[in-house]
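Sequence order for the protein chains is Y and G. Mapped onto the numbering used here, the consecutive letters of the first sequence carry residue numbers 1 to 318. Mapped onto the numbering used here, the consecutive letters of the second sequence carry residue numbers 1 to 278.
Don't read these hints as lab results, they were simulated from the structure. Everything numeric in this text was worked out from a predicted model, so none of it was measured. Treat the hints with care, as some may be off.
[Said to hold, decoys possible] Residues from chain G that face chain Y, not an exhaustive set, calculated with beta carbons under 7 Å:
| # | residue |
| --- | --- |
| 1 | T90 |
| 2 | A91 |
| 3 | A94 |
| 4 | F100 |
| 5 | M115 |
| 6 | P117 |
| 7 | V121 |
| 8 | E127 |
| 9 | L132 |
| 10 | L134 |
| 11 | L138 |
| 12 | L146 |
| 13 | P179 |
| 14 | V258 |
| 15 | L261 |
| 16 | I262 |
[Unchecked claim] So these bits of chain Y aren't anywhere near chain G, every CB distance computed over 12 Å:
| # | residue |
| --- | --- |
| 17 | P88 |
| 18 | F168 |
| 19 | A184 |
| 20 | D211 |
[To be verified] Cβ-Cβ distance ranges computed for the label pairs, FRET-style:
| # | chain 1 | residue 1 | chain 2 | residue 2 | range |
| --- | --- | --- | --- | --- | --- |
| 21 | G | F26 | Y | V231 | 32 to 42 Å |
| 22 | G | R10 | Y | G167 | 27 to 37 Å |
| 23 | Y | W91 | G | F26 | 29 to 39 Å |
| 24 | Y | V231 | G | L261 | 25 to 35 Å |
Note that the Cβ used here is the ideal one computed from N, Cα and C, for glycine as well.
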Amino acid sequence: MSVPSGVPAATTATATPAPPPASVSQLSRQRVRAAWLFLLPTLVVLGMVAGWPLLRTFWFAFTNANLSNPEPPQFVGLENFATVWDDPDWWQSVRNTFFFTGISVTLETVLGMMIALTLNTRFRGRGVLRAAVLVPWAIPTVVSARMWGWMFHDVYGVINAMFLHLGFIDAPIAWTADPRLSMAAVIAVDVWKTTPFMTLLLLAALQMLPDELYEAAKLDGAGPIRVFFKVTLPLIRGPMLVAIIFRVLDAMRVFDLFYVLTTNSSESMSMAVYARQQMFEFQELGLGAAAASMLFAVIAMFTAVYLVLGRSAVEEAA
Amino acid sequence: MRKALRWLGRATFGLLVVVITLYTLFPFYWAVVSSLKQGSALFEVEAWPRNPAWQNYVLVFTEQPFGRNLFNSVVVASTVVLISLFLAVTAAFALGRIRFFGRTPLMLMILAVSMFPQIAVLSGMFELVRWLGLYNTLPALTLSYLLFTLPFTVWVLTTFMRELPKELEEAAVMDGASPWVICMHVFLPLLKPALVTTGLLAFIAAWNEFLFALTFTLSQEARTVPVAIALMSGASQYELPWGLIMAASVIVTVPLIVLVLIFQRRIVSGLTAGAVKG
Numbered sequence: 001m002s003v004p005s006g007v008p009a010a011t012t013a014t015a016t017p018a019p020p021p022a023s024v025s026q027l028s029r030q031r032v033r034a035a036w037l038f039l040l041p042t043l044v045v046l047g048m049v050a051g052w053p054l055l056r057t058f059w060f061a062f063t064n065a066n067l068s069n070p071e072p073p074q075f076v077g078l079e080n081f082a083t084v085w086d087d088p089d090w091w092q093s094v095r096n097t098f099f100f101t102g103i104s105v106t107l108e109t110v111l112g113m114m115i116a117l118t119l120n121t122r123f124r125g126r127g128v129l130r131a132a133v134l135v136p137w138a139i140p141t142v143v144s145a146r147m148w149g150w151m152f153h154d155v156y157g158v159i160n161a162m163f164l165h166l167g168f169i170d171a172p173i174a175w176t177a178d179p180r181l182s183m184a185a186v187i188a189v190d191v192w193k194t195t196p197f198m199t200l201l202l203l204a205a206l207q208m209l210p211d212e213l214y215e216a217a218k219l220d221g222a223g224p225i226r227v228f229f230k231v232t233l234p235l236i237r238g239p240m241l242v243a244i245i246f247r248v249l250d251a252m253r254v255f256d257l258f259y260v261l262t263t264n265s266s267e268s269m270s271m272a273v274y275a276r277q278q279m280f281e282f283q284e285l286g287l288g289a290a291a292a293s294m295l296f297a298v299i300a301m302f303t304a305v306y307l308v309l310g311r312s313a314v315e316e317a318a
Numbered sequence: 001m002r003k004a005l006r007w008l009g010r011a012t013f014g015l016l017v018v019v020i021t022l023y024t025l026f027p028f029y030w031a032v033v034s035s036l037k038q039g040s041a042l043f044e045v046e047a048w049p050r051n052p053a054w055q056n057y058v059l060v061f062t063e064q065p066f067g068r069n070l071f072n073s074v075v076v077a078s079t080v081v082l083i084s085l086f087l088a089v090t091a092a093f094a095l096g097r098i099r100f101f102g103r104t105p106l107m108l109m110i111l112a113v114s115m116f117p118q119i120a121v122l123s124g125m126f127e128l129v130r131w132l133g134l135y136n137t138l139p140a141l142t143l144s145y146l147l148f149t150l151p152f153t154v155w156v157l158t159t160f161m162r163e164l165p166k167e168l169e170e171a172a173v174m175d176g177a178s179p180w181v182i183c184m185h186v187f188l189p190l191l192k193p194a195l196v197t198t199g200l201l202a203f204i205a206a207w208n209e210f211l212f213a214l215t216f217t218l219s220q221e222a223r224t225v226p227v228a229i230a231l232m233s234g235a236s237q238y239e240l241p242w243g244l245i246m247a248a249s250v251i252v253t254v255p256l257i258v259l260v261l262i263f264q265r266r267i268v269s270g271l272t273a274g275a276v277k278g
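Looking at chain G on its own, in the form it has when it is part of the complex:
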């Protein structure tokens, strides 16, 4: 009896694990399956296409400027990450290692910025972008994305800065090192893992951004991947090219999934450091 109960418990648990896996992975699986179907096969519900074809993956690059869109996304997300990390390292050093009057209000302010709804700055940012002559260009996106990547990187790096041992700094001060030297030559090398985590999370956020990208670009060639996928349309309004859309979706998702799987543990610690521990 007891044995049967235990077996039942294990079976239920196993079932739970299977259900969770199916629930999380099925939509992605279905996108892959749909992207491999062509013509009328797309409109039949089959667990696996009878004649899998790569045609959609070719068409998305020949019928749409999707290569250009991918390039745009890579350029914007990388520059945003580099600029944010560069600015955030010194800011985090100041906030994490030096006590000064006004530090707490500053930190609260930076935190508050990271909670801004993007829509609240949209019209002001639109004006700024036009005034700088950046409308419909990639620098418009790079500039506006700093709104959310910079506060985030400053916050997380400040947390990591704080955890570094005090003795290192004291020894450097004894040797007469300036704050700049301490920040760049003593602490920066130790922060490398944190930089990778924070940079990756900021990259994902910039890669996924939609509202600014939709508003500050106009032509298909200037679009980033999320906007391109959201606005992808067929010959007529009623004929959405679902095969192409799914192929494009799979193309942008696979690199992200690979990155997330590689850096899994770091991402978890970065996310929790950002949201709970501060």
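Just chain Y, same shape as in the assembly:
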């Protein structure tokens, strides 16, 4: 799931009408009432699918809710949090998630930048390449995980075959069975799948830059690498940071890739996989809710950063 959401740019810039005379004020009161009526259905639905379930999850986190127990759950205080906190598997999943996020987003940024710079140059077939780059983004995550899972197959996989042929390895490797290698595999798939998103956002930023700047830099005799670091990079820093934080938010909640691609041993889990396993495989709804709440707290922190950065990035651009 990678639909982007917005930054609060839209909340900042709107024209304010001058203080209205009395007759207009009645009209505007009517408009305000209409606004709330118009918003009502959306707010009711969001309250039902977001607000209520979130509050229930927080509540479950403090109870002994268990799916196999038909009795109403009882309040147990911080017990679930303590249990999760003392669970080495939880910390392994935290390390996995942070490691995955750090490496994936870094690679996506570098690769996305390279592809965006390529696409920003005029050449024959640019349109075709731009379309081709979008293909991985359109493929469902589960499907990409399956496609790559087959390519990473220990005996019949094309990746082992290629590496053997090129002499990188002597014997086939069980990519998805070994926790350390499966991390590499998961990162490879994520980078492949989400680099297009990064590319698009960076390309949009690059295309806003005025040509004159580059002509000036050229007159000054600056080489392409110098131009990139001294002119391009500082100018697109804002949009780039927004894109990075957005990807971080998405990567922190990763579920599908780990679930489908790895063996789901305790060593190769993401935080979301850990939480779901507690809830539905072990039926410990309370424990899982506690883990999910902790993940929520981490993501809420990053969201706050995103909102602040997003706003300043837009103000910078304006």
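The hints should help you fit chain G onto chain Y, whose structure is shown.
Only chain G this time, still in chain Y's reference frame:
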């Protein structure tokens, strides 16, 4: 010398373009190739099958309820998109065109919802779905998918609403049009391109969703395509039907690729409107 350098530069650039294309397209190409192999041919690494066969494409529909899964995905994704767009148009009109007290906090709240990790609402949503008697049914998915499609559509449509000229609205107000008439008869027709873009992006998100679909359905017949593909298994645990899985993967991917290619430019503008411009 200079000429040689320039030639070298162009060659490097050309090579770069080729490498990027190969990198992005190879996995899909390999899935197509694998889906056309059968029997032991699947276990030989060949760039193109010696005897391409469509057998896997037939088997995926006869051995698995894959037709049903496809139907489920289409139904769920379409209803989610229709409901989201319907609700979002009026919400976006209110947020984009009317100034009122509490608008900014509301917008921030809607934005925050779109960033929820799905796992954080999973247990509460599970309870809600069971309480409504929707467990293992498609409406359970439609309802839960509104969690991410609705905030997204509201956001993007609000952006587009804002860009429409003020004069149109003023003229309508002079004619005595109510906010409802302005929203539905003045602005809605102008928003059609935006509706297509937003609807398509929401459709793709709903089509691809996995966590809710995995948790809120149980039987093979109620599964959507991603869950069906993720859980597809063979006669034994160690015998995964890779040919079938690849055929199924190609079947769900091709329509998406076609849509993305057709609406390429719009998708790019929708994505950037959603993520950067707000």
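Against the structure, the hints come out as follows:
1. With a cut of 7 Å, the hint placing T90 of chain G at the interface with chain Y holds, because the nearest CB-to-CB distance is about 4 Å.
2. For A91 of chain G, the interface hint holds, since its Cβ comes within 7 Å of a Cβ in chain Y; the closest pair sits about 4 Å apart.
3. The restraint placing A94 of chain G at the interface with chain Y holds, with a minimum CB-CB distance near 4 Å, inside the 7 Å limit.
4. Satisfaction of the interface hint for F100 of chain G is found here, the shortest Cβ-Cβ separation to chain Y being roughly 4 Å, below the 7 Å cut-off.
5. Against a cut-off of 7 Å between C-beta atoms, the interface hint on M115 of chain G holds, since the closest Cβ of chain Y lies about 5 Å away.
6. Hint status for P117 of chain G relative to chain Y: holds, with the closest Cβ pair at about 4 Å, below 7 Å.
7. Proximity of V121 of chain G to chain Y holds as hinted, the smallest CB-CB distance being about 4 Å (cut-off 7 Å).
8. Given the 7 Å rule on beta carbons, the hint for E127 of chain G holds: about 6 Å separates it from the nearest Cβ of chain Y.
9. Restraint check, L132 of chain G versus chain Y: the minimum CB separation of about 10 Å is more than 7 Å; hint violated.
10. The criterion of a C-beta within 7 Å of any C-beta in chain Y is not met by L134 of chain G, whose closest approach is roughly 12 Å, and the hint is violated.
11. Taken as an interface hint, L138 of chain G does not check out: its beta carbon lies about 15 Å from the nearest beta carbon of chain Y, beyond 7 Å.
12. Interface restraint check: L146 of chain G against chain Y, minimum CB-CB distance 5 Å, threshold 7 Å, status holds.
13. Checking P179 of chain G against chain Y by beta carbon gives a least distance of about 4 Å; that is within 7 Å, so the hint holds.
14. Checking V258 of chain G against chain Y: minimum C-beta separation of about 9 Å lies over 7 Å; hint violated.
15. The interface hint given for L261 of chain G is met, as the beta carbon of that residue sits about 5 Å from the closest beta carbon of chain Y, less than 7 Å.
16. A cut of 7 Å between beta carbons decides the hint on I262 of chain G: the least distance to chain Y is about 10 Å, and the hint is violated.
17. With a least beta-carbon separation of about 20 Å from chain G, P88 of chain Y lies farther than 12 Å from that chain, consistent with its non-interface assignment.
18. Consistency note on F168 of chain Y: stated as away from chain G, and its beta-carbon is indeed over 12 Å from all of that chain's, at 15 Å minimum.
19. With a minimum CB-CB distance of about 16 Å to chain G, A184 of chain Y clears the 12 Å threshold, and the non-interface call stands.
20. Against chain G, the non-interface label of D211 of chain Y holds: every CB pair exceeds 12 Å, the least being about 19 Å.
21. The hinted range of 32 to 42 Å is satisfied by F26 of chain G and V231 of chain Y, whose Cβ atoms lie roughly 34 Å apart.
22. Hint check: R10 of chain G to G167 of chain Y, Cβ distance near 31 Å, so the stated range 27 to 37 Å holds.
23. Checking the proposed 29 to 39 Å range against W91 of chain Y and F26 of chain G shows it holds: the Cβ atoms sit about 36 Å from each other.
24. At about 33 Å, the CB distance of V231 of chain Y to L261 of chain G agrees with the hint of 25 to 35 Å.
Checked against the numbered hints listed earlier, the structure breaks hints 9, 10, 11, 14 and 16; every other hint is satisfied.
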